[in-house]
Amino acid sequence: MMPKKVYILALLIAGCALCKTCFAAPVSSKELISDSKAYNGKVVIFAGEVIGDIMRRKNFAWLNVHDGYHGIGIWAPEGLTKEISFTGSYKAKGDWIEIVGVFNRACPLHGGDLDIHAQSIRKVSSGQPVIERLNIGKRNYSLIFLGALCLILILRKLS
Amino acid sequence: MILRPTIDDLKNIGYYLGKIIIGLGLIMLVPAVCGMAFQEINPALDFIIGAEITLIFGLILTKICHSEKELSWMQGMVVVSLSWLVAAVLGAVPLYLSGHWKSFLDACFDSMSGFATTGLTLVQNLDHMAYTHNLWRHLIMFIGGQGIVIVALSLFVKSASGAFRMYVGEARDEKILPNVVDTSRFIWLVSIAYLVLGTVSLAITGILCGMKPFNAVFHGLCIFIAAFDTGGFTPQSQSILYYHSLPYEIITVVIMIAGAMNFKLHYALWTGSRKEILKNIETIGFFITIVITFFITAVGLAQAGVYPRAMMLFRKGFYQLISGHTGTGYQTIYAQQFFADWNHVALLGVVCAMALGGAVCSTTGAIKTLRVGIIFKAMIEDIKRIILPEKAVVLQKFHHIKEVFLEDKQVRSALLITLAFIVLYILGALIGMFYGYPFFNALFESTSAAANVGLSCGITQAGMPVGLKLTYIFQMWAGRLEFMSIFTLLGFLVAALKGK
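Residue numbers (the working numbering), protein chains in the order written: chain A, 1 to 159; chain L, 1001 to 1500.
Where hints are given, some of them may not hold.
[As the list claims (entries may be wrong)] Ranges of calculated distance between the beta carbons of each label pair, as one might list FRET restraints:
id: 1; chain 1: A; residue 1: Asp-35; chain 2: L; residue 2: Ala-1462; range: 17 to 25 Å
id: 2; chain 1: A; residue 1: Ser-126; chain 2: L; residue 2: Gly-1305; range: 41 to 49 Å
id: 3; chain 1: A; residue 1: Tyr-69; chain 2: L; residue 2: Gly-1099; range: 15 to 23 Å
id: 4; chain 1: A; residue 1: Pro-108; chain 2: L; residue 2: Asn-1125; range: 30 to 38 Å
id: 5; chain 1: L; residue 1: Ile-1375; chain 2: A; residue 2: Leu-134; range: 34 to 42 Å
[Claimed, not checked] Over the 10 Å line for every Cβ pair with chain L, so calculated as not near, a few chain A residues:
id: 6; residue: Ala-25
id: 7; residue: Leu-80
id: 8; residue: Ser-120
id: 9; residue: Pro-129
[As the list claims (entries may be wrong)] A few chain A residues facing chain L, derived, Cβ under 8 Å:
id: 10; residue: Ala-47
id: 11; residue: Ile-51
id: 12; residue: Asp-53
id: 13; residue: Gly-73
id: 14; residue: Ser-89
id: 15; residue: Leu-114
id: 16; residue: Leu-134
id: 17; residue: Lys-157
Note that these hints are calculated values from the structure, not bench results. We put the CB at the ideal spot given by N, CA and C, even for glycine.
Only chain A is shown next, with the shape it has when bound in the complex (with noise of 0.2 Å):
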């Protein structure tokens, strides 16, 4: 039998070996371009809103999500997207989700492209549908203006 030292050695060697390939909290995508060296070829947590279109190609996908500073792109195996079910635009609120994955400063696979490949998506919260309410300030203004518009043709026209 090993003694207990040892084994609290060991648990602390592995801790350290995972502290140089993982880190447990989510990284924003300001410090992963500007920190891009440190974060090279490691296990990140990104986290933010799926934006766009989630473009599939063969059995993968890629998701472009955006934490509020910036947009990075995300490789994803298909199945790993299926939970999503709103991305943000102009009508939507994308999901929030969650993305651990290796981060790529320039990956080879991708012609150089600084994104991440993801080995596991959680939805955090989910999108929802943006109702566009007529803005009734916007509406009488336009009126006002039109109706100074046609004053000006009118007035144009019997001079």
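Using the hints, position chain L against chain A.
Frame of chain A, contents of chain L only:
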């Protein structure tokens, strides 16, 4: 003795300015109608309000300043320089109403950036912007790329001589066809033909990339407009990186190069003179400067070691370089990566490419390769004069649509504009440094603004100082009009104040 402008001068300027403003107001109705079709009611209202204000302003101006007289050279230049300023302010109204800009100045910044086909932007939350506003952002690039006055020429102005004076004021001193109105119509014809072709190619590529068909077509249209007019706005915040697609990048490179070509060269190609492309001083100059600047960039990137494979280095380096050289400003890297990952040698290549620009009579800004070619030829001529016997007659010629003998007048003009651009680049860099940015970052952004490029290293953002925003607006305006009409406007203002 300086003569004070007369009331007739002011009336004539006001009348033509009013006509251009009316043209702008009518064009604003396009996104208004599209907004209704997209069922984006509030964005449509933004454009209805914008169009109404613009039309009211234009109608009042044409009524008060009604004139039947021809434009003089001075008046034509003043009309052009003022019309770009007024268009930037009025074009910003619907943008500001959208709520995507923090202040009206920021909206004016983007409006000027759009009209001047620069592509620097202060927009907020672009990924949630309505199609209607996105359409306008790209439409103003199309209008600006063709030349605001060209739009008006095509719509309203029938008199050729007055039209030519405004045409020259917009930094297009070459007539493709004998009549300037026909020239402007030819430019429209070429642009619309390429628009259809480019949009279809990008839309198909977008669908194959996995985009929804409507988005693929809309993005195709926007990306084509901003690439051909060497503008650089995109519908999404990640620029071209959003698409994660090599074919998309290749197509945009082709469109950017087409946009950076002289419309005279397009005309030659359309009329079957394909050999012109191999002989023209501009295409040769463009090719040589691409090779040199890309070599510098590639050496820098290899030193920096950010792209371990040659193909990656080529794809990233060449794309940013072509984007800079053509004055487009599309990016496949993040703005911050320029200074975080690239070294100064690589950036020097891009700055030089941005500073040089594309062809004259195209939609690019900057010094332009024809002027670089003329200066180079003049240097060769001077060297020959030194080497050859004193009695030898030295004649230098170059090919630009036809064989042209180099004259001192051409060299002086090329050198003056080149000098003015260099002063503008350095002036912007110094102002950037005044606000605390490092010299090279400030020079990068200043060159990008003054050369109407739109590549950013991260300085351009809503939080930057107001003084720097105003500096870049001035640089975009001056760079797009190539100084002459702006100098005339300044002279006009001095005459109005001090003249007798």
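Taking the hints in turn, this is what the structure says about them:
1. Asp-35(A) / Ala-1462(L): 17 to 25 Å: With a Cβ separation near 23 Å, Asp-35(A) and Ala-1462(L) satisfy 17 to 25 Å, so the hint holds.
2. Ser-126(A) / Gly-1305(L): 41 to 49 Å: 42 Å, holds
3. Tyr-69(A) / Gly-1099(L): 15 to 23 Å: 20 Å, holds
4. Pro-108(A) / Asn-1125(L): 30 to 38 Å: 33 Å, holds
5. Ile-1375(L) / Leu-134(A): 34 to 42 Å: 59 Å, violated
6. Ala-25: Fine: 21 Å to the nearest Cβ keeps Ala-25(A) off the interface.
7. Leu-80: For Leu-80(A), whose nearest Cβ neighbour in chain L is about 15 Å away, the distance exceeds 10 Å, so it holds.
8. Ser-120: 20 Å, holds
9. Pro-129: 12 Å, holds
10. Ala-47: This hint is violated: Ala-47(A) lies away from chain L, its Cβ roughly 16 Å from the closest one there, beyond 8 Å.
11. Ile-51: Since the shortest Cβ distance to chain L is 4 Å, the answer is holds.
12. Asp-53: 5 Å, holds
13. Gly-73: Check passed: Cβ of Gly-73(A) comes within 5 Å of chain L, closer than 8 Å.
14. Ser-89: Hint on Ser-89(A): holds, closest Cβ of chain L at ~6 Å, below 8 Å.
15. Leu-114: Where the cut-off is 8 Å and the nearest Cβ of chain L is about 6 Å from Leu-114(A), the hint holds.
16. Leu-134: 6 Å, holds
17. Lys-157: 11 Å, violated
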